[in-house]
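A.B. asks: Sequence:
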Amino acid sequence: MGPVTESERVTNQARAQILKAIAHPTRIFIVDKLQHGPRSVLELTQMIGADMSTVSRHLAILKSTAILTSERRGTTIYYSLACPCVRSFLEGVEVVLQHSVSQQAAALGQQANRVATN
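Residue numbers for the sequence shown follow my numbering, beginning at 85 and rising by one.
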């Protein structure tokens, strides 16, 4: 294996930007809710319980990385996932999370057994 190529560096930077855009609890919530269909800023604001400017900022971050698209219907803007693959990505994160929790539980169980036998 040689050093990182320019193409790999650019690709990894782009990947990091997308992960960074998703890596906030509110934005994960938004992406999760949009898996079920388009939502307006008002709907998302009510679901999240934050002010509209905060939700709009989160939506702008997700849209800037092409995770979301928007469509104006009259005076209302609706947001939706740009790619259904985001759902698969979140499912993958859930698998990693479950694996991590299982490993931690096993480690705690082993530690409890050691304490009990001492």
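These are calculated hints, taken from the structure and not from any lab test.
It is possible that some hints are incorrect.
Unchecked claim - Lysine-lysine pairs mimicking BS3-like chemistry, simulated, CA-CA at most 25 Å apart:
#1 K147 x K104
#2 K117 x K104
#3 K147 x K117
A.B. asks: Each hint should be assessed against the structure and marked as holding or not.
C.D. replies: Outcome of the hint check:
| no. | hint | in the structure |
| --- | --- | --- |
| 1 | K147 x K104 | 13 Å, holds |
| 2 | K117 x K104 | 19 Å, holds |
| 3 | K147 x K117 | 15 Å, holds |
The structure agrees with every numbered hint stated previously.
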